Amino acid sequence: MAINFSYFMKESAVSFRRNWVMSLGAIITIYLSLLLVGVSLGSGMLLGQVVESFEDKVSIRVFLKDGAPAEQVDALQAELQANAMVQTIKYTSKEEALEEFKNRLMQDSPEVIENLPGNPLPASLDIDLKDPRNVSTVVEQIVASDSFMAVADRPDDPSKSLEYGQEIVEKLFTVTRIIRVVSIVFVAMLAVISLIFINNAIRIAIYARRKEIAIMRLVGASNWFIRTPFLMEGVLQSLVGALLAIGTLSILYFYILPKLSELMTFLPISMTGGDAAQVSIVLVVAGVVMGLAGAMFAMRRYLRV
Amino acid sequence: MISMRNVSKIYVPNKPPALDDCTVEIEQGEFVFLVGHSGSGKSTFIRLLLRELLPSKGQIVVAGQDLTKMKSWKVPYLRRNIGCVFQDFKLLPNKTTYENIAFALEVIGRSKHVIRTQVPEVLRLVGLDEKMESYPDELSGGEQQRVSIARAFVNRPPLLLADEPTGNLDPATSLGIMSLLNRINKTGTTVLVATHDREMVDSMRKRVIALEGGKVVRDQDRGVYGYGD
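If you read the sequences in order, they're chains H and D.
If you read the first sequence in our numbering, its first letter stands for residue 988, the second for the next number, and so on.
If you read the second sequence in our numbering, its first letter stands for residue 187, the second for the next number, and so on.
Where hints are given, some of them may not hold.
In silico DSSO-like cross-links for lysine-lysine, where the CA-CA straight-line distance does not exceed 30 Å [said to hold, decoys possible]:
#1 H/K997 to D/K281
#2 H/K1052 to H/K997
#3 H/K997 to D/K372
#4 H/K997 to D/K260
#5 D/K243 to H/K997
#6 H/K1077 to H/K1052
#7 H/K1089 to D/K392
#8 H/K1198 to D/K317
#9 D/K392 to D/K372
#10 D/K276 to D/K392
#11 H/K1198 to H/K1077
#12 H/K1052 to D/K317
#13 H/K997 to D/K255
#14 H/K1052 to H/K1147
#15 D/K243 to D/K372
#16 D/K201 to D/K281
#17 H/K1077 to H/K997
#18 D/K243 to D/K201
#19 H/K997 to D/K298
#20 D/K243 to D/K257
#21 D/K392 to D/K243
#22 H/K1198 to H/K1246
#23 H/K1117 to H/K1158
#24 D/K243 to D/K260
#25 D/K276 to H/K1198
#26 D/K317 to D/K372
#27 H/K1052 to H/K1081
#28 D/K392 to H/K1198
#29 H/K1089 to H/K1147
#30 D/K317 to D/K276
#31 H/K1077 to H/K1147
#32 D/K201 to D/K372
#33 D/K260 to H/K1077
#34 D/K255 to D/K243
#35 D/K298 to D/K281
#36 D/K276 to D/K257
Since the hints were made in silico from the structure, they are not lab data.
As the structure is a computational prediction, the values presented were derived from the model and not from experiment.
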């Protein structure tokens, strides 16, 4: 077996030297398609993190009407507190809201606020949920409750008295879905092209060695002995492509990505070593499968044993 | 060694068959000439024995194995028991004499030790131990055919098939090749030679099976080429 393995390696290397143009074509297409697989996997992971971080920030803000009686506000607060899906509730008075508004958005021109005839900002309740996915359920419950209607800023249009981040999350999900579909289509196309390239490279390798193959058949080399060098060649080509893709992705992940997240501190993007390893394994396995498939396909058509 | 019963081979339906109801028995250790014009079915006969082809009808048994029922993955193991020599030698031009023969052992998984002892031995047998490091294009036609015979015989197969082994060689060289085949036959190997080399067949006085239009028209011991002209 040891003799055989070195024999197969030698044969694959010789064959690569003989038609390196075709082999290079195969390697480059595999490299590109695996690179795309890696980029879409990685960006999928990153987007997942972004979505999660937004989900964490999903809270419901209920605006209260001016002069709502304190006991009714307390009643709503008590009712919400009793809800199993609610984590915490925080009351913000009109004055606090104005202060916050001033500090956050109007630091450069406090005179705008000072010139206001009164305080236009409503008091509010900020409701944090245990699980952000329940946001719409809780919102429905709030809208349906009487104690909410009693204190809502605009009882005529309850939805205007509520604010929550559901739309952002949904938009992000749509974006990830689109990215996923587009990358699947691209990967599929590139996979087909790489299969064609591997197929061609192996076909040429078979043609270049047709005399050896004829003699091997004649003297009784087993079918797998004849086939293995070509299978190995296909796998070798795709492994080289996979390693190149992993190399490029490592540069992206570990050099470009940290720079990006420095620029966009508001987005929590980072790649752990575990994630990177997972992507690498996927790429190697996908590459080997592709190489084997391409080589098998070529042998079926061009190698009669 | 070889048993063909009512074997027919039809390549194209509704055309005359390449072999038509042939029945031939060849015992172990025999030396047999298979003669006939081009297109008489000699090559089909050889290819059927190697199981490169399957017969359309009939049964073929080689070395105790029924080829018509043989699983295709077993075919390589059949061929290890059949040495084969062709008119065009089928040597690899980028390998030396030694490497060409070693290749045949290498690809059936023989160990380096076996290769190192058997290759020089078989080269001595065919009289080429001086040309071990020569490439095929540095050898004469007769020498190349000797290399090819050495490769066919290095694994000591019980059966040696030769398809027009002297077709490309001059009469004197052909004589040398035939006496080499005869020597191999003396070691107990069954030898089947397809040829249309009249003088050779007539001078050797071996069993002759004559094919014509795919049929066995003559099978005689100590025969001659025949075809009364």
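Verification of the supplied hints:
1. H/K997 to D/K281: 15 Å, holds
2. H/K1052 to H/K997: 83 Å, violated
3. H/K997 to D/K372: Cα-Cα ~39 Å, so violated.
4. H/K997 to D/K260: With Cα atoms ~27 Å apart, H/K997 and D/K260 stay inside 30 Å; holds.
5. D/K243 to H/K997: 43 Å, violated
6. H/K1077 to H/K1052: 16 Å, holds
7. H/K1089 to D/K392: Judged against 30 Å, a Cα distance of about 117 Å means the pair is violated.
8. H/K1198 to D/K317: 22 Å, holds
9. D/K392 to D/K372: 13 Å, holds
10. D/K276 to D/K392: 27 Å, holds
11. H/K1198 to H/K1077: 83 Å, violated
12. H/K1052 to D/K317: 108 Å, violated
13. H/K997 to D/K255: 36 Å, violated
14. H/K1052 to H/K1147: Status holds; Cα separation ~12 Å.
15. D/K243 to D/K372: 34 Å, violated
16. D/K201 to D/K281: Measuring from Cα to Cα gives roughly 42 Å; hence the hint is violated.
17. H/K1077 to H/K997: 73 Å, violated
18. D/K243 to D/K201: 15 Å, holds
19. H/K997 to D/K298: Holds, at roughly 16 Å.
20. D/K243 to D/K257: 17 Å, holds
21. D/K392 to D/K243: Holds, at about 29 Å.
22. H/K1198 to H/K1246: 56 Å, violated
23. H/K1117 to H/K1158: 22 Å, holds
24. D/K243 to D/K260: Since the Cα atoms of D/K243 and D/K260 sit roughly 21 Å apart, the hinted pair holds (cutoff 30 Å).
25. D/K276 to H/K1198: Within the cut-off at roughly 8 Å; holds.
26. D/K317 to D/K372: 25 Å, holds
27. H/K1052 to H/K1081: 10 Å, holds
28. D/K392 to H/K1198: 33 Å, violated
29. H/K1089 to H/K1147: The given pair, whose Cα atoms are some 22 Å apart, holds under the 30 Å limit.
30. D/K317 to D/K276: It holds: about 18 Å lies between the C-alpha atoms, which stays within 30 Å.
31. H/K1077 to H/K1147: Within the cut-off at roughly 19 Å; holds.
32. D/K201 to D/K372: 41 Å, violated
33. D/K260 to H/K1077: 81 Å, violated
34. D/K255 to D/K243: 12 Å, holds
35. D/K298 to D/K281: 17 Å, holds
36. D/K276 to D/K257: 27 Å, holds
In this structure, the earlier hints numbered 2, 3, 5, 7, 11, 12, 13, 15, 16, 17, 22, 28, 32, 33 are contradicted, and the remaining ones agree with it.
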